[in-house]
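With the hints in hand, could you dock these two chains into one complex?
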Amino acid sequence: MKNRILNLSRYVILAAGLLFFVFPVASAIEFSLRSYGNKGHTFANYSWIFQQEDFFTNITISLKLAALSAVITLLTVVPAVTYLHLEGQRFKRIFEFLAILPLVVPVVSLAIGAQKAMPTFIQNSQYELAFFYVVIAIPYTFQSLNVGLTSIPLKTLVEASRSLGASFGRTVISVIVPAIRSAINAAIFLAVTLSFGEFTLTSLLHWETFPVWITRVSQGNVLGSIALSMFSLIGAWTLLILVQSAQNVRKKKVSKSDVEESEEALI
Amino acid sequence: MSPKNSEIKVSLQNLSRHYGNVAALHDFSLDMTTGEMVSLLGPSGCGKTTVLRILGGLDPHHGGRIVVDGDDITGSSSDKRNMGMVFQAYSLFPNMTVAENVEYGLRVRKVSPEIRRKKSMELLEMVHLSHRPDAYPNQLSGGQQQRVALARALAIAPKVLLLDEPLSALDAQVRVQIREEIRRIQLETETTTLFVTHDQEEAMSVSDRVGVMNAGQLEQIDSPSALYNKPKTAFVASFVGVTNKIPGEVDGKGRVRVLNQKIDLSKNSRSAQAGEQVLALVRPENLIISSEFDEEAQPGLVITKSFLGPLTKLGVDLGTENLVYVNMTSQEARKIDVGNRVSIKITSEELMVANV
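Residue numbers (this note's numbering), protein chains in the order written: chain A, 57 to 323; chain B, 15 to 370.
Be aware that one or more of the hints could be misleading.
Stated by the list, open to error - The list that follows gives simulated cross-link-like pairs (lysine-lysine, BS3-like), each with its CA atoms no further than 27 Å apart: (1) Lys327(B) <-> Lys349(B); (2) Lys23(B) <-> Lys133(B); (3) Lys124(B) <-> Lys211(A); (4) Lys244(B) <-> Lys124(B); (5) Lys259(B) <-> Lys173(B); (6) Lys211(A) <-> Lys94(B); (7) Lys211(A) <-> Lys173(B); (8) Lys259(B) <-> Lys133(B); (9) Lys319(B) <-> Lys281(B).
Calculated directly from the structure, the hints in this document are not laboratory data.
Model, not experiment: these values are computed from the prediction.
Isolated chain B (complex conformation) (with noise of 0.2 Å):
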């Protein structure tokens, strides 16, 4: 899923980052086009953050090429870049109000007053702020700076959005109801955005593409449901969502032999030997379980019933080194409780395999 070269308004091109011998980033290239959204997932030190840095300009010690609008700005400085940011941590200028700070980049910019403040209060409005223009950072919440400095970041309508985990440092309900503002704001000003993050539901829940990073590279970019149900390496598979892996052996005809089934092994799947064993990695919403006896399935016993809402997640006791989780519905969860017998299937057509 990769954009026309027409539409493309940022293209990063091989950026590679090394500190000292180690590689923070390895030959790093994507493209955005106008008005999309795209996440960068990973876990920490996979170099996503890098990628924005250097973007914004903030990092200018790195190799390869960044084309914006078709101009090639890689030696630009960050203030010549006109990329609004936000940070992960609070980076309201403390001595100046909430107008002022969202004013800020337009009075560098020679912007008159009297623009300045009618675009300040707009923009105020957008993130549910215009109550409170004379307010100082320090009389405002954690959710209420990050809006701000949302604000305050596309004031200068910038050319790109850079969010640097913006969300990490507020509590759950609150992280929920300004990600959901983010994409609205970021939908109605159509401003190519770059948000990095390392929360999964994040990411899915508000970008057109998902890039997961490992170890300084792309492992894959997609919208996010072909990246949680088509993986194309076993880091995604594994990264993205709850993963099962349970021991496998794969036999002559590219199956895997797992839970007294028979099932294709993936054509994204690394390639396996006959007779290897290989762990296949199975989401919790392709098993079913079952407390009646099935000679096809494997029986096992429940360990552990998480309620979550409208489902439960049940850990289950294979006889193998880790748990397997299963999620069904709360309803249906009823019938099984803790210390129960049951029998478990996998219903997927394909498996990805990983290294045991």
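If we strip away everything but chain A, and leave its shape as in the complex, we get (with noise of 0.2 Å):
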């Protein structure tokens, strides 16, 4: 009896969550394909934005500036918290007090000081936003790698892979990545979903990407504005299934002996 409450409940929350999760965006959806005049349903808001100039050049600079981000957080922000639990243990609270600052400093704030201690040739090329994007992504980035470091024996693993004639380079390639793939993968869907996302800083520094191209095509088009909505999300989660499945296929497909071949070659 008790265990059919147990199970009962289950079902309850799981339902609730659902509702909660799916309704709104259901909602949306529904919204998004009405016309004007209540004349049914129909795919002309998503049409329309297709017809919308710069629709294309827009969500392409945002999906370079989203790769980049994702690339600037594998190669600065990895290493660095990798540093930090290997030989930086005293500072941790410091850095962990610091990762957390994006999230308290005004966007206003960051925009100005940020741009200002760009180099000059960065400050004129739109692309000096995926720096600023690995910054604000910081915060979520670092917690997730943080906490994939701290649930390994990392100094040991080290210390193994060392002491069995590996350098620090091969030991980070061959036992410390794949130890924390799927922090990794977290971290990068972090700064890939934020960047993707950002509006408030892009639109301060008078870029446009495709959240701010978004927020001026559809001033003039209520229900466009809500197709646009529903195209990005729907656009942003089949990309991350898309990547997801492309690592899980990649998982599964490729033989140790081509990971072996590939570690030897960067090293």
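Structural data, given as structure tokens:
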């Protein structure tokens, strides 16, 4: 009897959660399919998106910035947090505090300060945004990597690998990265999603990316703006599912010898 | 008991290590011969792991010199030392299978896949895990993981095998089994081995020599039996094995008056002045107990009786601060029960003493 109640309560909680999540999205989709003057449902609002000037330009730049943010996160934040765990334990608290600063500092201050700090040749390029996005994502990417590295005996693994003759570079590629792969994936997902949807800082710096463009073009079309939101939401999900699936397929298909060859090529 | 110069494989010379103002290791020297297994034993924080880490190149911030096979390797990094290590914590690479873990060091050395596979299978055979080459570490028990770690460390044919309390996370039965396997494999491969442990039984049962460390210094290094029977310091006498500390007094003739007896002071003992109150260090097996009254013996009351299989340990109250423990065969112990009045006598011809 007790088990049945427990099972039932599980289903109730699951159903409530699904409703909470699905209902607003389903309503928004339904709304985005309406036509002006209540003439039934149509895909007109979605076809309107593709007729807009600069749609492909802006979605392409946003995708490029998201990819660049992911690469910068991978090349800077991952080694930095790893180093902190290995050699800088006594600074860990300070870095944990510094890592949450982007959440505390107002975006206006961050935008102006970061812009001033950038070298001139990057200031004139829209790709400077990728560096800012990485900073904005740090509170999340840092925590994800921090948890991942805390969950493995990092120091022992590094010492074991080094004592077997591996260089530090090889140890990072062959031992550390595979051991915290899920934490790295999570950090990259966070960096990608945050960069893809960032609006305030981009707008303040007078650059146009997909979210800024959505705001501009949808001002005169309410139904179109919802269709755009749904389009970008579904687009982001599809992107994440594709990346995750690609990794799963890779994990299964890539033989160990291929991994070995790529390691040897890198080192 | 020090090795001849021509046989020396590893020479640790005047090693020191400080953490701020605290000396974790002070003027530590040790020579090891080829194929020898030396254990370092001591209480927590005595510096035994520090010695091992320094030899393995994992702690470069030390003083002194390290010579292996006649080469000074003091300044070389851990990846250049060719020393296999087995750690206290499970250290198998979680993303690699058992065979891949064993082959890792060989892969780093660019050994061909065929030779790697052959070597790893040989070693897995040796540690009785040849049936699980494709298992991942999380599919193995703690004991199996440590056996793979041992095979992995041996795969690179290390100059020295370093074992950093590799059995401490295992349960008692597995620990005994694996320590015997370690000794068997060490003898088979004739690998010079430094074994760090805080478990006396472990150190005494598998080592050629055991070094007892205290406060960053080597108190004594000797064969297990010499260490037990002829301790050179009071610390070694009280740390190795069970030792009763019985109050006594030194007389003017270099003897200790203890339990109604007068026994010579050991030449290894610290010097003591006539009339000085001391604690005589007496092993349980150097005491005999009798249920019959003996004028020369000390009377006491049996407080505890612990059955240990072939032996039984009796705790006797002699009116001193601590109980005095006596070992006797379980057969003989049948005659004595808790609450019985007994007489105790020391059988040793000489004693070491410690400060009160």
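Are the Cα positions of Lys327(B) and Lys349(B) separated by 27 Å at most?
holds, 13 Å
Is Lys124(B) close enough to Lys211(A), meaning Cα to Cα at most 27 Å? Roughly 25 Å between the alpha carbons, so the hint for Lys124(B) and Lys211(A) holds.
Q.
Check whether the Cα positions of Lys259(B) and Lys133(B) lie no farther apart than 27 Å.
A. Violated, because 53 Å separates the two Cα atoms, which is more than 27 Å.
| said: Lys211(A) and Lys94(B) were given as a pair; does the straight-line alpha-carbon distance stay at or below 27 Å? | reply: holds, 18 Å
Lys244(B) paired with Lys124(B) [C-alpha distance capped at 27 Å]: Not OK: Lys244(B) and Lys124(B) at ~50 Å, beyond 27 Å, violated.
**Message:** Given the hinted pair Lys211(A) and Lys173(B), is their Cα-Cα distance within 27 Å?
**Reply:** holds, 23 Å
Note to self: Tell me if the straight-line CA distance from Lys259(B) to Lys173(B) falls inside 27 Å.
What the structure shows: violated, 43 Å
Margin query: Need the status of pair Lys23(B), Lys133(B): alpha-carbon distance at most 27 Å?
Written below: Judged against 27 Å, a Cα distance of about 25 Å means the pair holds.
ask   = Is Lys319(B) within 27 Å of Lys281(B), Cα to Cα?
value = violated, 34 Å
In the structure shown, a violation is registered for the earlier hints numbered 4, 5, 8, 9, in ascending order.
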